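The listed protein sequences correspond, in order, to chains A and B.
Mapping of the first sequence onto numbering that gives the first Met the number 0: residues 0 to 250, in sequence order.
Mapping of the second sequence onto numbering that gives the first Met the number 0: residues 0 to 250, in sequence order.
Derived by calculation from the structure, the hints in this document are not laboratory data.
No experiment lies behind these values; they were computed from the predicted model shown.
The beta carbon of each residue, even a glycine, is placed where N, CA and C say it ideally should be.
Some clues are possibly wrong.
Said to hold, decoys possible - To be clear about the criterion: a stretch of chain A counts as covered by chain B if any three or more of its residues have a C-beta under 8 Å from a C-beta of chain B, and this derived list gives those stretches: (1) 83–89; (2) 101–108; (3) 177–187; (4) 233–244.
Protein chains: 2
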Amino acid sequence: MNLSTRRSFFKKAAIAGITAVSIPQIISAAMPQHHNKKLSINVGDRILFQGDSITDAGRKRDALGPNDQSALGTGYAFLASAAMLNKYASKNINIFNKGISGDKVFELADRWDEDCIALKPDILSIMIGVNDFWHKKNGNYEGTIDTYIKDYTNLLERTKKALPNIKLIIAEPFAVPGVKAVDASWFPAFSDYRKAVKAIAEKFDATFLPYQSVFEEAQKHAPGSYWTSDGVHTTIAGAQLMSEAWLECLK
Amino acid sequence: MNLSTRRSFFKKAAIAGITAVSIPQIISAAMPQHHNKKLSINVGDRILFQGDSITDAGRKRDALGPNDQSALGTGYAFLASAAMLNKYASKNINIFNKGISGDKVFELADRWDEDCIALKPDILSIMIGVNDFWHKKNGNYEGTIDTYIKDYTNLLERTKKALPNIKLIIAEPFAVPGVKAVDASWFPAFSDYRKAVKAIAEKFDATFLPYQSVFEEAQKHAPGSYWTSDGVHTTIAGAQLMSEAWLECLK
Chain A
0 MNLSTRRSFF KKAAIAGITA VSIPQIISAA MPQHHNKKLS INVGDRILFQ GDSITDAGRK
60 RDALGPNDQS ALGTGYAFLA SAAMLNKYAS KNINIFNKGI SGDKVFELAD RWDEDCIALK
120 PDILSIMIGV NDFWHKKNGN YEGTIDTYIK DYTNLLERTK KALPNIKLII AEPFAVPGVK
180 AVDASWFPAF SDYRKAVKAI AEKFDATFLP YQSVFEEAQK HAPGSYWTSD GVHTTIAGAQ
240 LMSEAWLECL K
Chain B
0 MNLSTRRSFF KKAAIAGITA VSIPQIISAA MPQHHNKKLS INVGDRILFQ GDSITDAGRK
60 RDALGPNDQS ALGTGYAFLA SAAMLNKYAS KNINIFNKGI SGDKVFELAD RWDEDCIALK
120 PDILSIMIGV NDFWHKKNGN YEGTIDTYIK DYTNLLERTK KALPNIKLII AEPFAVPGVK
180 AVDASWFPAF SDYRKAVKAI AEKFDATFLP YQSVFEEAQK HAPGSYWTSD GVHTTIAGAQ
240 LMSEAWLECL K
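If we strip away everything but chain A, and leave its shape as in the complex, we get (with noise of 0.2 Å):
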């Protein structure tokens, strides 16, 4: 169905209180179990979330000890934080999130050392790709998928050598067409960075978290509106929504 109809059917949906299926659903249609490897949270482990601005989500950049919430921000990561500090209350666990705004490959690569290597994590959780597309697509980045696929590739392989124990989450990019910013000039050249980040993720055994698909299955209970405030930022229930299917990555 094209929008209006689909806004007119959220309109009735929301006035009968009708829901198909409830949230836990949604993110385990979108996340079928093979397509994922669950990873366990062992007593101190250390855990980083890396990426753009939708995990900075705020957070505040003064050198902050883990588990503190205003270096944590305020989306997702911060979300799954609180949902683990409380799960593994008895397990030690110390989680740092140093995502910045803006950030493409690169931009990660630029700052690795420091913001991740140096913190040992056990594990590492990473999104990005949404600026590398976006950037180039409005004129202000030369590189091209390939650059993506390059950078990337690099990224883990000098991860997986400077801390070979450790295990990934690799967040697919995600873009919901219709709201704001993401309009349909975005696809179907967006979804060669979401097709490459998967195998990415394969070819370093990483346990992959496919947010498209949930931010798909999401928009049955309501627009994509609801869930972002421009497309790519999440709301209050879209950053929910991450943090729960980010959960859905641990046994």
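Chain A is already provided as a structure; the job is to place chain B on it using the hints.
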């Protein structure tokens, strides 16, 4: 066991990865069904969090719409909002936080027309009392336990008169002994405030949220300092604990 024995127990438990019960079990144990009346969330419901600094949790004071992260702060109210906005995506709910740091009951009363009645909440959650006790104790306030009971009762009578169909969640103030601000001198006097709140909740047919019991149960998993930074304000783990307990008040 005393604090040092307990710390040693937690250390051993953490090393061994022992967890007697899960956090959801903590919450069920602390909140037996018969002590509670679960509330439904209906389409279009307006939900208001009211209280002191624990509810405030750094929210932005500027006039902002509902469901805005910065307007909801970064504490239990935000975490519970994120969960609700996700779970009830098709219900078009509107959530507000009007907690203000340092408030006692009479200060809620001073701003009640604007910060409660005018917002026409369908569900009102209040947690207030720790400052009524604490500021009296440190000599910065004259009000006694009787003042607290009288002010709180008047506030709720006024609320029910203006909004006869309002559904109330009344949360027990809590204090975690042995963590910074909270020492033995708080007890048993502080417990009078807790008992008073429970009686008030019963009188007004509210859903009672026994936070002291929740935090006591949580200390079987990790020490008080894991859940609160000073005995009164929450860490991330404590805020998530409060959020999960709050959500247990819903059907």
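Hints and how they fare:
1. Restraint check on the segment 83–89 of chain A versus chain B: 5 residues with Cβ-Cβ distances below 8 Å, three needed, restraint holds.
2. For a cut-off of 8 Å, the count of residues in the segment 101–108 of chain A with a CB near a CB of chain B stands at 0, and the three-residue condition is violated.
3. Note: the segment 177–187 of chain A has 0 residues with beta-carbon separation from chain B under 8 Å; the three-residue rule is not met and the coverage is violated.
4. Requiring three or more residues with a Cβ within less than 8 Å of a Cβ of chain B, the coverage given for the segment 233–244 of chain A holds, as 8 such residues are present.
When each numbered hint is compared with the structure, violations occur for hints 2 and 3.
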